[in-house]
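There are 2 protein chains.
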Amino acid sequence: MNFLEEKILRNGVIKQGNILKVDSFLNHQIDVDTTRQMAYEFKRRFRDIEVNKILTIEASGIAIATLVGHLYDVPVVFAKKSETANSTDDKYVSKAYSFTHKRHNNVFVSRPYLSASDKVLIIDDFLADGEACHALIDLVHQSGGEVAGIGIAIEKGQQKGGSTLRAEGYRLESIAIIESMDWETQIIRFREQPQPPICNTHLKMG
Amino acid sequence: MNFLEEKILRNGVIKQGNILKVDSFLNHQIDVDTTRQMAYEFKRRFRDIEVNKILTIEASGIAIATLVGHLYDVPVVFAKKSETANSTDDKYVSKAYSFTHKRHNNVFVSRPYLSASDKVLIIDDFLADGEACHALIDLVHQSGGEVAGIGIAIEKGQQKGGSTLRAEGYRLESIAIIESMDWETQIIRFREQPQPPICNTHLKMG
Chain A
1 MNFLEEKILR NGVIKQGNIL KVDSFLNHQI DVDTTRQMAY EFKRRFRDIE
51 VNKILTIEAS GIAIATLVGH LYDVPVVFAK KSETANSTDD KYVSKAYSFT
101 HKRHNNVFVS RPYLSASDKV LIIDDFLADG EACHALIDLV HQSGGEVAGI
151 GIAIEKGQQK GGSTLRAEGY RLESIAIIES MDWETQIIRF REQPQPPICN
201 THLKMG
Chain B
207 MNFLEEKILR NGVIKQGNIL KVDSFLNHQI DVDTTRQMAY EFKRRFRDIE
257 VNKILTIEAS GIAIATLVGH LYDVPVVFAK KSETANSTDD KYVSKAYSFT
307 HKRHNNVFVS RPYLSASDKV LIIDDFLADG EACHALIDLV HQSGGEVAGI
357 GIAIEKGQQK GGSTLRAEGY RLESIAIIES MDWETQIIRF REQPQPPICN
407 THLKMG
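If you read the protein sequences in the order shown, they are chains A and B. Mapping of the first sequence onto my numbering: position 17 corresponds to residue 17, and the numbering continues sequentially without gaps. So my numbering is basically just the index in the second sequence, starting at one, shifted up by 206.
It cannot be assumed that every hint is accurate.
Result set (EDC-like, lysine to aspartate or glutamate): computed pairs, CA atoms no more than 20 Å apart in a straight line [to be verified]: (1) B:K286 with B:D344; (2) A:K21 with B:E247; (3) B:K325 with B:E247; (4) B:K287 with A:D23; (5) A:K15 with B:D296; (6) A:K21 with B:D296; (7) B:K286 with A:D23; (8) B:K286 with A:D31; (9) B:K325 with B:D279; (10) B:K249 with A:D31; (11) A:K95 with A:E168; (12) B:K221 with B:E390.
If we take Cβ atoms under 7 Å as the criterion, some of the chain B residues that face chain A in the derived model are [to be verified]: (13) I225; (14) H234; (15) I236; (16) V238; (17) A265; (18) A269; (19) H276.
No wet-lab data here; the hints were simulated from the structure. Even glycine gets a Cβ: it sits at the ideal position worked out from N, Cα and C.
Produce the complete structure using the sequences and hints provided.
Okay, structure coming up:
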């Protein structure tokens with residue numbers, strides 16, 4: 001079991017309706033040690049690919065993406081959401097259905113911040129049906145850039161996002177993949193993943 | 207002139223209506239080097255105070271707050287915004303007027319993430335009239351915690367937020383304070399601040 005799976009078992013709470021509440025360390029309060037470990041884990045898993053930009057979506061992807069950008073020393077862009085696109089003149093705009101808010105949101109990035117020379121690592125906290133992730137991919141493609149990889153903290157393996165993205169040929173790495181979870185027993189099962197080599201990397205900022 | 211003032215002169219754009227656009231490095235695309243320097247500058251300016259939690263507000267405060275939390279090795283909490291408070295049962299809730307969206311937003315933090323033992327450093331990207339900052343202070347006070355300090359990247363010195371917070375006795379540190387700006391000439395003047403000693407701190411993550 002990896003550090004994030006252990007953290008989920010320790011601090012995650014399963015709610016009725018297939019909801020995993022991890023706001024004590026991931027998307028309301030941010031545990032910096034776990035977030036740093038995620039940044040290192042993404043760097044390790046994507047060590048064979050070239051990355052010159054990190055793309056995420058507001059709000060809870062920003063913390064992880066910032067530490068990944070810090071580690072890669074490349075700019076971090078966060079796509080913004082709005083109910084309506086006031087002006088599409090200087091923006092790449094896509095749409096994503098939000099299950100939380102039960103509506104389609106416009107998702108956009110200003111044109112200067114994505115370009116054809118970009119090799120983009122997409123980072124997000126959750127992957128469920130892949131709505132937000134496909135919107136981010138669409139924005140990168142509109143700019144002519146390349147999606148170098150997709151790094152997700154927690155993938156809900158019972159939902160279609162992960163299998164769709166893998167079938168589409170994207171290099172997707174999810175640190176924890178939930179195979180099943182039960183709110184009555186609070187039991188979570190994770191998909192088996194290859195274990196990383198043990199090392200003693202010092203994770204503090206120098 | 208400090209690193210942030212130089213960055214603003216190089217990459218900021220003044221728009222009509224007293225708007226400073228810094229989305230190329232601060233609140234849409236994030237320049238990690240500038241953000242890291244801000245984190246170190248806050249740590250330097252607040253070196254005499256004890257901090258065990260960082261508090262910011264979604265979305266654009268999160269990147270700076272994450273690197274500050276990383277440096278202090280303490281949890282980062284970001285307050286959430288919503289038009290309506292669905293349930294106030296387990297949340298501290300305050301209100302802030304958003305000039306961007308021309309409406310009052312509820313601003314909230316779940317109760318477990320702020321407490322009476324917290325010595326909170328509030329971090330945000332902008333300070334103008336102080337609406338968001340006062341809402342964050344209110345949330346800390348509701349929890350019984352202490353506002354140890356307030357660190358702002360860019361203070362609009364022509365607006366009332368900074369002078370109000372200083373008059374209220376808060377320890378406020380703004381890395382760049384705009385004294386005046388003119389969209390026709392694109393000239394920005396900063397308020398003089400004491401210069402930090404020159405040092406060669408290595409800013410990369412170890």
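Hint by hint, here is what the structure shows:
Distance check on the hinted pair: B:K286 and B:D344 sit about 14 Å apart at the alpha-carbon level, within 20 Å; holds. At most 20 Å may separate the alpha-carbon atoms for a hinted pair to count; A:K21 and B:E247 exceed this at roughly 34 Å. Distance check on the hinted pair: B:K325 and B:E247 sit about 19 Å apart at the alpha-carbon level, within 20 Å; holds. Distance check on the hinted pair: B:K287 and A:D23 sit about 15 Å apart at the alpha-carbon level, within 20 Å; holds.
The suggested pairing of A:K15 with B:D296 holds, with an alpha-carbon distance near 16 Å, which does not exceed 20 Å. Our distance criterion of 20 Å between C-alpha atoms is met by A:K21 and B:D296, whose separation comes to about 14 Å. Restraint check: the Cα-Cα separation between B:K286 and A:D23 comes to about 12 Å, which is no more than 20 Å; the hinted pair holds. For the suggested pair B:K286 and A:D31, the alpha carbons sit about 17 Å apart, so the restraint of at most 20 Å is met.
Proposed proximity of B:K325 and B:D279 is supported: the alpha carbons are some 14 Å apart, at most 20 Å. For a cut-off of 20 Å, the pair hint linking B:K249 to A:D31 stands: about 19 Å separates their Cα positions. Distance hint between A:K95 and A:E168 is fulfilled; the C-alpha atoms sit about 19 Å from each other, no more than 20 Å. Between the alpha carbons of B:K221 and B:E390 the distance comes to roughly 9 Å, so the proposed pair stays at or under 20 Å and holds.
With its C-beta approaching chain A no nearer than about 15 Å, B:I225 sits outside the 7 Å limit, and its interface hint is violated. Interface hint status for B:H234: upheld, as the beta-carbon distance to the closest one in chain A is roughly 6 Å, under 7 Å. About 4 Å separates the beta-carbon of B:I236 from the nearest beta-carbon of chain A, less than 7 Å, and the hint is met. At its closest, the beta carbon of B:V238 sits 5 Å from a beta carbon of chain A; the interface hint therefore holds under the 7 Å criterion.
At a threshold of 7 Å, the smallest CB-CB gap from B:A265 to chain A is about 4 Å, leaving the interface hint in force. Proximity of B:A269 to chain A holds as hinted, the smallest CB-CB distance being about 4 Å (cut-off 7 Å). Checking B:H276 against chain A: minimum C-beta separation of about 5 Å stays under 7 Å; hint holds.
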